[in-house]
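S.K.: Position chain B against the provided structure of chain A, taking the given hints into account.
Here the protein sequences line up with chains A and B, keeping their order. Each residue of the first sequence is one higher than the one before, starting from 67 at the first, in my numbering. Each residue of the second sequence is one higher than the one before, starting from 32 at the first, in my numbering.
To be clear, the hints were calculated from the coordinates, so they are not data collected in a lab. A quick note: this is a predicted structure, and the numbers were derived from the prediction, not measured. C-beta atoms are modelled at their ideal positions from N, C-alpha and C, and glycine is treated no differently. One should not assume that every hint holds.
[Stated by the list, open to error] Lysine-lysine pairs mimicking BS3-like chemistry, simulated, CA-CA at most 30 Å apart:
hint, chain 1, residue 1, chain 2, residue 2
1, A, Lys105, B, Lys124
2, B, Lys82, A, Lys105
3, A, Lys250, A, Lys117
[Claimed, not checked] Pulled from the structure, derived: some chain A residues nowhere near chain B, Cβ distances all over 10 Å:
hint, residue
4, Ala130
5, Ala194
6, Ala226
7, Gln257
8, Thr341
[Claimed, not checked] Sample of chain A residues with no beta-carbon within 12 Å of chain B, all distances over it, derived:
hint, residue
9, Gly168
10, Gly241
11, Gly243
12, Ser248
13, Asp265
14, Asn269
15, Leu278
16, Ser304
17, Arg314
18, Pro343
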Amino acid sequence: MTTGTSIDLRHIAWNGIHIDIPSVWDARVLGQRHLIFEKDFQPQLQIRWEKSARRHARAFEKGATRYSAQMGSLVPQDRFPEALHQVRTNFDRILCYQNETGMVTGGICQCAACHALLLFQLLTDDVAVLTETAASLSTVLCHDQAENKGESLWRIQDFALAVPVPFVMQDYTFGAGLTRLSFKSKDLSLQTCKLGPADTRLNQQSLAEILLTLTGGSGLELADGEDDISCTGERNPSILKQIFFRLRREKPFLSAKIRHDTDNNRLLAVILSSTRPIPLTTTEDICRKYEIV
Amino acid sequence: MKLFKKKRAGKERQGLTRTEALAGIPRRSPSAIWMVLEDGDILIEFPLNIKPFFLQLANRFQKGPQSRPTKKLQLDQMGSRVWQMFDGEKDVKTIIREVSEFSGLSLQEAEISVTAFLRQLGRRGLVIIGDQSS
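Extracted from the complex, chain A is given alone in its bound form:
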């Protein structure tokens, strides 16, 4: 993707926010609503956001005052930086902060449509970053368009995942060789795991053994996929066993699938657990939309 200022951009999506960032930037997750973008391990920009408050005008004013202490003084509207003018297309309210030397240090914006608050902070003195930031911020989409299709997109680092809308993020881990996202809906828990490098792991354990370790579930009925690069597991216990699992505070029903992405040398696993029977199609659907990009 290329903007008018010819900056190569790539799309990322995380917890309800979509943004196109320069392709030379790396996105790091610091919190559920906190991302930091780096170039060659040098932090360039960080963004935080909050979903809409009931009194959104008041929330904006409060936010602007709160961050003023750490970001510097507010830039008067008549001296609003020209580089950031394109950001106004997405946000109906926007304020910038500057340091003692008059350099823009960041800003706070509020989406015209969903009233979400977005705070951005520049983490470098490089003037070019302001232009790149403006190009990125002008692409921000905080009211997820994909949600209209009943899905929310998660696309960061090297993976993309689309989960049905009722699922809300609970937790995440970016560990050594294991990236795990955990979601919850009304009666379903979903965990997605990305493991790498696959060849090393498969030398030590089979797909079925890895799936068993990930689910941690006893009584899982495993079945190898037709293509030999996937494995599914299900647990549909009898009523007596359901009581037993409930006593152990475990969700009795499990449905899981792991597949080997041979092109990218990764293992991708989707694990669903519930107190009610889980249709296998749900696992298959999520698994299909979980991929390395």
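M.R.: For chain B alone, kept in the frame of chain A given last:
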């Protein structure tokens, strides 16, 4: 003499920032003796850090020439490859990038792996991190 001296705010020792830590250059400690095994894994032998009292105690029960007790550590395939990158020339950033390339991990995953590995080796005194000048 004041028993409870107030710490001066400015004099407190500040840890390294992430950027500074990533710019550090790890090199192998001279006290660590290492060899490449037949399967390519690396075996490191390093002296144990024991308090002098316990060292004396150990020597009393030891027959023959007195020697400092050592410990052996065998690294796995990936650890061995990373160990060989600690040549005193590459900084942590470069190592992370190379690990990310050869293992297929994302940069954030590779950073977590490499920094955890460095922390473990540093705790055992096997790796020293210096800057470009040192």
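S.K.: Each hint needs a verdict: does it hold in this structure or not?
M.R.: Hints and how they fare:
1. Lys105(A) to Lys124(B): At roughly 12 Å apart (the allowed maximum being 30 Å), Lys124(B) and Lys105(A) satisfy the hint.
2. Lys82(B) to Lys105(A): Violated, because 45 Å separates the two Cα atoms, which is more than 30 Å.
3. Lys250(A) to Lys117(A): holds, 19 Å
4. Ala130: holds, 28 Å
5. Ala194: holds, 18 Å
6. Ala226: Fine: 13 Å to the nearest Cβ keeps Ala226(A) off the interface.
7. Gln257: holds, 17 Å
8. Thr341: Given a closest Cβ separation of 33 Å, the condition holds.
9. Gly168: The assertion about Gly168(A) holds, with a minimum of 25 Å to chain B.
10. Gly241: violated, 6 Å
11. Gly243: violated, 6 Å
12. Ser248: It holds; Ser248(A) is separated from chain B by about 17 Å at its closest Cβ, greater than 12 Å.
13. Asp265: violated, 9 Å
14. Asn269: With a cut-off of 12 Å, Asn269(A) comes too close to chain B, as the shortest Cβ separation is near 10 Å.
15. Leu278: Answer for Leu278(A): holds, closest chain B Cβ roughly 22 Å.
16. Ser304: holds, 40 Å
17. Arg314: holds, 32 Å
18. Pro343: holds, 35 Å
When each numbered hint is compared with the structure, violations occur for hints 2, 10, 11, 13 and 14.
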